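*Asks:* Letter by letter, the chains look like this.
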Amino acid sequence: MKKVKLLTIVLLTITLFACNSNNALEPTNKNNHVELTKISTNQAIDQHASNEAKELLSKYKEIIKVNAVNTEKELIATVEVRHQARLQLSEIRKKLKNKLVKNFPDYKIELSTDKKLVLEVEKAEKQIEENSYTSKELKKKVKELIELSREQT
Amino acid sequence: MIFFWAFVIGGFICVIGQILFDVFKLNPGQTLTILVILGAILDGFGWYEPLIDFAGAGVTVPITSFGNSLVHGAMAEAEKHGLIGVVTGMFEVTSAGISAAIIFGVIGAIIFKPKG
Amino acid sequence: MLVGHQTWMFKNKPTIISTGTVGGPFEANGRIANDIDILHDDMWIKQDSFEKAQRTMMEEACQIALKKTDVEKEQVQFFISGDLINQITPSTFTGKTLDIPYFGLFSACATSMESLALASSIVNSGGANYILSGTSSHNAAAERQFRYPTEYGGQKPPTAQWTVTGAGCALLANKGTGPVVTSATIGKVVDMGITDRLIWEEQWPQQQ
Amino acid sequence: MADKKKKKLTPEAQQYQSYQEKREVKRPIFKNCIKAFFVGGTICLIGQAISTFYIYYFDFTEQTAGNPTVATLIFITMFLTGFGVYDRIGQFAGAGSAVPVTGFGNAVVASAIEHRTEGFVLGVGSNMLKLAGPVIVYGVFSAFVVALIKTILIKWGGL
Numbered sequence: 000m001k002k003v004k005l006l007t008i009v010l011l012t013i014t015l016f017a018c019n020s021n022n023a024l025e026p027t028n029k030n031n032h033v034e035l036t037k038i039s040t041n042q043a044i045d046q047h048a049s050n051e052a053k054e055l056l057s058k059y060k061e062i063i064k065v066n067a068v069n070t071e072k073e074l075i076a077t078v079e080v081r082h083q084a085r086l087q088l089s090e091i092r093k094k095l096k097n098k099l100v101k102n103f104p105d106y107k108i109e110l111s112t113d114k115k116l117v118l119e120v121e122k123a124e125k126q127i128e129e130n131s132y133t134s135k136e137l138k139k140k141v142k143e144l145i146e147l148s149r150e151q152t
Numbered sequence: 000m001i002f003f004w005a006f007v008i009g010g011f012i013c014v015i016g017q018i019l020f021d022v023f024k025l026n027p028g029q030t031l032t033i034l035v036i037l038g039a040i041l042d043g044f045g046w047y048e049p050l051i052d053f054a055g056a057g058v059t060v061p062i063t064s065f066g067n068s069l070v071h072g073a074m075a076e077a078e079k080h081g082l083i084g085v086v087t088g089m090f091e092v093t094s095a096g097i098s099a100a101i102i103f104g105v106i107g108a109i110i111f112k113p114k115g
Numbered sequence: 000m001l002v003g004h005q006t007w008m009f010k011n012k013p014t015i016i017s018t019g020t021v022g023g024p025f026e027a028n029g030r031i032a033n034d035i036d037i038l039h040d041d042m043w044i045k046q047d048s049f050e051k052a053q054r055t056m057m058e059e060a061c062q063i064a065l066k067k068t069d070v071e072k073e074q075v076q077f078f079i080s081g082d083l084i085n086q087i088t089p090s091t092f093t094g095k096t097l098d099i100p101y102f103g104l105f106s107a108c109a110t111s112m113e114s115l116a117l118a119s120s121i122v123n124s125g126g127a128n129y130i131l132s133g134t135s136s137h138n139a140a141a142e143r144q145f146r147y148p149t150e151y152g153g154q155k156p157p158t159a160q161w162t163v164t165g166a167g168c169a170l171l172a173n174k175g176t177g178p179v180v181t182s183a184t185i186g187k188v189v190d191m192g193i194t195d196r197l198i199w200e201e202q203w204p205q206q207q
Numbered sequence: 000m001a002d003k004k005k006k007k008l009t010p011e012a013q014q015y016q017s018y019q020e021k022r023e024v025k026r027p028i029f030k031n032c033i034k035a036f037f038v039g040g041t042i043c044l045i046g047q048a049i050s051t052f053y054i055y056y057f058d059f060t061e062q063t064a065g066n067p068t069v070a071t072l073i074f075i076t077m078f079l080t081g082f083g084v085y086d087r088i089g090q091f092a093g094a095g096s097a098v099p100v101t102g103f104g105n106a107v108v109a110s111a112i113e114h115r116t117e118g119f120v121l122g123v124g125s126n127m128l129k130l131a132g133p134v135i136v137y138g139v140f141s142a143f144v145v146a147l148i149k150t151i152l153i154k155w156g157g158l
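In order, the protein sequence lines correspond to chains A, B, C and D.
The first sequence runs 0 to 152 under numbering that gives the first Met the number 0.
The second sequence runs 0 to 115 under numbering that gives the first Met the number 0.
The third sequence runs 0 to 207 under numbering that gives the first Met the number 0.
The fourth sequence runs 0 to 158 under numbering that gives the first Met the number 0.
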């Protein structure tokens, strides 16, 4: 009986401490797994910044999907990371956000890994593609998305 | 993928509970209390959030998440209001479980009779 | 009458002239179902609480025991009974319904024999001609009082006990035909340190 | 197991206990753990499905979908408890159905249903949290201690 108890305690501690490994997040030159759609830019809504951001983010090998939209002042990007990397999700988020802030000093950056945001930004991308957004609508949408990503409860 | 890990991690937490039941011969009340305290401590070390990112409902559905979100609410409020926030912010995040249980408890008592 | 330290011998042949038994749905599937007078297929017995259901079973048991003989209720001097519920309310309320002078006992399961022993002793010493003695219990009422609500999904270990749903009653007389109570030995309370792991461990920590 | 406890008992009691231990039907620990794993895992899987549903079809993010998921699970539990199914599941699964939040819901709903015969105020009202009470009490207290320590460490310990 004592042995069983001891064993369970040991097993518990091992499992609790085992998930503490930390592998660094580094950009690579090649990444074939990323889903990425570049938006053709039209006159009304300039999406150059988003496209650049997407290219920048897609170099990380942990990332499997990138979406982004931008207005004149704000840029919202969403990424989906490989599931094994999700344990370090908050660090990855911080790192990527810093990277974006450094590279796009003119924009207010918002980076999210949330599934909901991924879906919404993807939808917004599609609508830009179909030219069904005026720049005013887009601004409103991006504002909504930023609010959504900040919600805590 | 997240479904798989939700299943595995959620199941694993239940196995810990079962071991507390059968090996340590605790009753359900004691077991759940220990798990809640465990959740609070894990969040104290900051290890619970990564688990939520990794396993989703696998760690938010077991009762351990109750301790985690209590600490979370307290910490969020403490950042704003200092030490007093620790007391006042407790139920900020986690009200859903308790309020749902109480509301559906009363509704259940109105609709149902115990079967015996 | 007293033999040795804790045994009574009854010389005047107190006799069990009739019995009444009632069982619940679980008991109806048991091996002695044929020997039970009334079997209920509902835990509630059309009452609005399990405790009231237990009282109803006790009343039924007493009425059956009386009906089987030509003894009238007014001829019965005493009613001795007990059960597991707080303040032995089911027995007390049965006493109220029967309108017979009443002794209340509490010895958990041992109440059935304790009431019979005391009744025999009274009949044997000429203290009464007829005595009703019995006990009752209700699974759901006991579960809820001593363990958890009946709908709670706690896992019971293989050693868990099951409280019976039922009531039993014996009519004792100083003469008549039927089994005779010849003697009774009264036991002591002994603590062997066995605990019910479900909840009792907390309520009754091992003492000394 | 309980060597310390045993020493305090009388010799007869010790003898009886060792006799009892030999005869006692042992709990099938391994089997119980497997059952708990699968049932508990399934409940969490259902939770994940519900929360994914909320993310896709309502305005909830991964962060905020947790609350409606918990509420939905407790809502389902209410019916399972009321129809007398949850205690069967509980007997089969043990911790598998007790540890997820559905077990918490079951404890509250079962107490509420059970005590309705004592009236709605003093019966349902005061007995509802009888079983779930310890979880709330020690959850809140331990969270208080943990958050207090952490706050102090952050403020004055420079963590």
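Where hints are given, some of them may not hold.
Here are the simulated BS3-like cross-link-like pairs (lysine-lysine), alpha carbons at most 30 Å apart as the crow flies [unchecked claim]:
no., chain 1, residue 1, chain 2, residue 2
1, B, 112, C, 67
2, C, 155, C, 12
3, A, 98, B, 114
4, D, 7, A, 94
5, A, 93, B, 79
6, A, 114, B, 24
7, D, 21, C, 51
8, A, 96, D, 154
9, A, 96, A, 114
10, C, 67, C, 10
11, A, 101, B, 79
12, C, 155, D, 154
13, A, 98, D, 154
14, C, 187, D, 154
15, B, 24, C, 12
16, D, 21, B, 24
17, D, 21, B, 112
18, C, 45, B, 114
19, C, 155, D, 7
20, A, 140, A, 94
21, B, 112, C, 95
22, B, 114, D, 21
23, D, 30, B, 24
24, D, 30, C, 155
25, C, 155, B, 112
26, B, 114, C, 51
Think of the hints as simulated: they come from the structure by calculation, not from any bench.
It should be emphasised that the depicted structure is a prediction, and the values quoted were computed from it without experimental measurement.
*Asks:* Could you run down the list of hints and mark each one as holding or not?
*Replies:* Each hint, compared with the structure:
At most 30 Å may separate the alpha-carbon atoms for a hinted pair to count; residue 112 of chain B and residue 67 of chain C exceed this at roughly 36 Å. At most 30 Å may separate the alpha-carbon atoms for a hinted pair to count; residue 155 of chain C and residue 12 of chain C exceed this at roughly 45 Å. For the suggested pair residue 98 of chain A and residue 114 of chain B, the alpha carbons sit about 61 Å apart, so the restraint of at most 30 Å is broken. Restraint check for residue 7 of chain D and residue 94 of chain A: the C-alpha separation of about 61 Å exceeds 30 Å, so the hint is violated.
A hinted pair counts as satisfied when its Cα atoms are at most 30 Å apart, and residue 93 of chain A with residue 79 of chain B qualifies at roughly 22 Å. Taken as a hint, the residue 114 of chain A and residue 24 of chain B pair is broken in the structure, with Cα atoms around 41 Å apart against an allowance of 30 Å. Pair hint residue 21 of chain D plus residue 51 of chain C does not hold up; C-alpha atoms about 41 Å apart against a cutoff of 30 Å. This hinted pair checks out: residue 96 of chain A and residue 154 of chain D have alpha carbons roughly 26 Å apart, not beyond 30 Å.
Between residue 96 of chain A and residue 114 of chain A the alpha-carbon distance is near 17 Å, which keeps this suggested pair within the 30 Å criterion. Between the alpha carbons of residue 67 of chain C and residue 10 of chain C the distance comes to roughly 26 Å, so the proposed pair stays at or under 30 Å and holds. Restraint check for residue 101 of chain A and residue 79 of chain B: satisfied, since their Cα atoms lie roughly 28 Å apart, inside the 30 Å limit. Between residue 155 of chain C and residue 154 of chain D the alpha-carbon distance is near 48 Å, which puts this suggested pair outside the 30 Å criterion.
For the proposed pair residue 98 of chain A and residue 154 of chain D, the alpha carbon gap of about 29 Å is at most 30 Å, so the pair holds. The straight-line distance between the Cα atoms of residue 187 of chain C and residue 154 of chain D is roughly 63 Å, outside the 30 Å bound, and the hint therefore fails. Restraint check for residue 24 of chain B and residue 12 of chain C: not satisfied, since their Cα atoms lie roughly 50 Å apart, outside the 30 Å limit. A C-alpha spacing of about 17 Å is found between residue 21 of chain D and residue 24 of chain B, which places the hinted pair at or below 30 Å, so the restraint holds.
Simply put, residue 21 of chain D and residue 112 of chain B have alpha-carbon atoms about 41 Å apart, too far for the 30 Å limit, and the pair is violated. For a cut-off of 30 Å, the pair hint linking residue 45 of chain C to residue 114 of chain B stands: about 13 Å separates their Cα positions. For the suggested pair residue 155 of chain C and residue 7 of chain D, the alpha carbons sit about 28 Å apart, so the restraint of at most 30 Å is met. For a cut-off of 30 Å, the pair hint linking residue 140 of chain A to residue 94 of chain A stands: about 26 Å separates their Cα positions.
Taking the CA atoms of residue 112 of chain B and residue 95 of chain C, the gap is about 28 Å. The hint holds against a cut of 30 Å. Restraint check: the Cα-Cα separation between residue 114 of chain B and residue 21 of chain D comes to about 36 Å, which exceeds 30 Å; the hinted pair is violated. A threshold of 30 Å between alpha carbons decides the hint, and for residue 30 of chain D with residue 24 of chain B the separation of about 16 Å falls inside it, so the pair holds. About 15 Å separates the Cα atoms of residue 30 of chain D and residue 155 of chain C, which keeps this hinted pair within 30 Å; it holds.
Distance hint between residue 155 of chain C and residue 112 of chain B is fulfilled; the C-alpha atoms sit about 22 Å from each other, no more than 30 Å. Among the hinted pairs, residue 114 of chain B with residue 51 of chain C is consistent with the structure: their alpha-carbon atoms are about 15 Å apart, no more than 30 Å.
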